[in-house]
Amino acid sequence: MNQLLFFAGLKEAAGTENVNMDLAGLTVEEVKKKVFEVYPSEQLQTSMVAVNEEFAGQEHKIEEGDTIAFLPPVSGG
Amino acid sequence: MNQLLFFAGLKEAAGTENVNMDLAGLTVEEVKKKVFEVYPSEQLQTSMVAVNEEFAGQEHKIEEGDTIAFLPPVSGG
Amino acid sequence: MNGKQVWVTEEPLSPGEIISRVTRRDAGAINTFIGTVREFTKGKKTLYLHYEAYPAMAEKKLQQIADEIEKQWPGTTTVMAHRTGRLDITDIAVVIAVSTPHRDASYAASRYAIERIKEIVPIWKKEHWEDGEEWIGNQKETKPGVPTKEESR
Amino acid sequence: MNGKQVWVTEEPLSPGEIISRVTRRDAGAINTFIGTVREFTKGKKTLYLHYEAYPAMAEKKLQQIADEIEKQWPGTTTVMAHRTGRLDITDIAVVIAVSTPHRDASYAASRYAIERIKEIVPIWKKEHWEDGEEWIGNQKETKPGVPTKEESR
Numbered sequence: 001m002n003q004l005l006f007f008a009g010l011k012e013a014a015g016t017e018n019v020n021m022d023l024a025g026l027t028v029e030e031v032k033k034k035v036f037e038v039y040p041s042e043q044l045q046t047s048m049v050a051v052n053e054e055f056a057g058q059e060h061k062i063e064e065g066d067t068i069a070f071l072p073p074v075s076g077g
Numbered sequence: 078m079n080q081l082l083f084f085a086g087l088k089e090a091a092g093t094e095n096v097n098m099d100l101a102g103l104t105v106e107e108v109k110k111k112v113f114e115v116y117p118s119e120q121l122q123t124s125m126v127a128v129n130e131e132f133a134g135q136e137h138k139i140e141e142g143d144t145i146a147f148l149p150p151v152s153g154g
Numbered sequence: 155m156n157g158k159q160v161w162v163t164e165e166p167l168s169p170g171e172i173i174s175r176v177t178r179r180d181a182g183a184i185n186t187f188i189g190t191v192r193e194f195t196k197g198k199k200t201l202y203l204h205y206e207a208y209p210a211m212a213e214k215k216l217q218q219i220a221d222e223i224e225k226q227w228p229g230t231t232t233v234m235a236h237r238t239g240r241l242d243i244t245d246i247a248v249v250i251a252v253s254t255p256h257r258d259a260s261y262a263a264s265r266y267a268i269e270r271i272k273e274i275v276p277i278w279k280k281e282h283w284e285d286g287e288e289w290i291g292n293q294k295e296t297k298p299g300v301p302t303k304e305e306s307r
Numbered sequence: 308m309n310g311k312q313v314w315v316t317e318e319p320l321s322p323g324e325i326i327s328r329v330t331r332r333d334a335g336a337i338n339t340f341i342g343t344v345r346e347f348t349k350g351k352k353t354l355y356l357h358y359e360a361y362p363a364m365a366e367k368k369l370q371q372i373a374d375e376i377e378k379q380w381p382g383t384t385t386v387m388a389h390r391t392g393r394l395d396i397t398d399i400a401v402v403i404a405v406s407t408p409h410r411d412a413s414y415a416a417s418r419y420a421i422e423r424i425k426e427i428v429p430i431w432k433k434e435h436w437e438d439g440e441e442w443i444g445n446q447k448e449t450k451p452g453v454p455t456k457e458e459s460r
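Chains as they are written, first to last, in this note's numbering: chain A, 1 to 77; chain B, 78 to 154; chain C, 155 to 307; chain D, 308 to 460.
Looking at chain A on its own, in the form it has when it is part of the complex:
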């Protein structure tokens, strides 16, 4: 099982801050598509993805137990 985290505008659009899905074996790109089917937010397209608190590229493969976070463009500072 994998935990998905949503932040900021994406959290509001999804109406939840975390959800569990089984995504092991998929690439980040595939994960984005799959999550988009459930939470069709435009912001998902412009978000970065972090796997286990590190930015992950489109080709990165999800493993069992990974935490996957969807990060809208940041605006700290």
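In short, the hints are calculated from the structure, not lab data. Warning: the hint list may mix true and false statements.
Said to hold, decoys possible - Listed below are the simulated PhoX-like cross-link pairs for lysine-lysine, each with C-alpha atoms no more than 25 angstroms apart in a straight line:
id : chain 1 : residue 1 : chain 2 : residue 2
1  : C       : K280      : A       : K11
2  : D       : K311      : D       : K378
3  : C       : K214      : A       : K32
Unchecked claim - Covered stretches of chain C, as calculated for chain D (at least 3 residues, CB under 8 angstroms):
id : region
4  : 166-173
5  : 181-193
6  : 261-272
As the list claims (entries may be wrong) - Output of the computed footprint for chain B on chain D, the stretches with three or more beta carbons under 8 angstroms from beta carbons of chain B:
id : region
7  : 363-371
8  : 420-427
None of the values given here were measured: they were computed from a predicted structure. Yeah, the Cβ is synthetic: ideal placement off N, Cα and C, and Gly gets one too.
Given chain A, put chains B, C and D in place with the hints provided.
Relative to chain A, chains B, C and D alone:
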């Protein structure tokens, strides 16, 4: 009468921090020469001169009552 | 408070305390950058802000920035803290303090830190106005979804 | 303390207090530069420093720098203080704080302030080592006797 002020290394070289001299009518350049006769410190040559707390050029003319300060290269900050 | 080099907190930040953490015998210069909540942005009046973070990752990324700085400017000590939650006008959102032997590096490292924070640290700002609210994003105008200068795994 | 924008004092300087003076509703950025007493300079161990000022003129020149900054970067608030007397290792010699609407100007104005202080403010530093002491001068390596960028009367 004019008050002369010496600072930092110049004060130590001159052995005094202030002295009165009558310098009205002289230019800063002339004042430097005159003061050098009394306090022949090399540092006098490399010092800036301030008249009444403002930097003064070589041609600046001293008036009665002006305070003349000799400022070695600064090293604050 | 604590002995951390970087942190994210809901508590008010104290610049004086953070400055004292980077003060050391072999430093002659300390540069500090403080981001505060400004009332007007492009003529629009902000009532207050709300900052949200992905705290664990935000602290990791702040630490990464501190490490990058100490690699790029050897002999630099960096301490950074970011506040989250509701912030009112003039409240401090972020404090960066760097100490270096000489002043050039203190300015360069401090500037680097704030630019990197706006690039890679997962913290988001929501502006609240009289007539609405909005999550602010992409301040750096980087291309969405591409972590600039960040190595993707 | 006092309501001054610039001052020279024998008392210890408090960065936190100085930062609070430049904090305001229309600023989003505060940059602070702090000069501290470093133990080693070019391999030589400093025991302590002694700063001497021409106080009245030093405050005039600090004020001039603050005015120059507010002219060059409109919307900037500048507060600067310099300490004199004996300073030990890690003691704060100078604090510059500038607040601006956006961060670019805060870095530029702060940097301008410290460079100008080292150029035109009549304050001198004497270094005390185990084997001697010396007045330091001409840190900026400007030509002696020529007030750089300064209009001679």
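Here's how the hints hold up against the structure:
1. For the given pair, K280/C sits about 13 angstroms from K11/A by alpha-carbon distance, which is consistent with the 25 angstroms threshold.
2. Between K311/D and K378/D the alpha-carbon distance is near 19 angstroms, which keeps this suggested pair within the 25 angstroms criterion.
3. Distance hint between K214/C and K32/A is fulfilled; the C-alpha atoms sit about 24 angstroms from each other, no more than 25 angstroms.
4. Check result for the region 166-173 of chain C against chain D: holds, 5 residues qualifying (beta carbon to beta carbon below 8 angstroms, three or more required).
5. For the region 181-193 of chain C, the stated coverage by chain D holds: 13 residues have a C-beta nearer than 8 angstroms to a C-beta of that chain, and at least 3 were required.
6. Given as covered by chain D, the region 261-272 of chain C passes the check, having 4 residues with a CB less than 8 angstroms from a CB of that chain where 3 are the minimum.
7. Interface restraint, the region 363-371 of chain D with chain B: holds (4 residues with C-beta to C-beta distance below 8 angstroms; minimum three).
8. Remark: the region 420-427 of chain D is confirmed as covered by chain B, as 5 of its residues place a Cβ nearer than 8 angstroms to a Cβ of that chain, reaching the required three.
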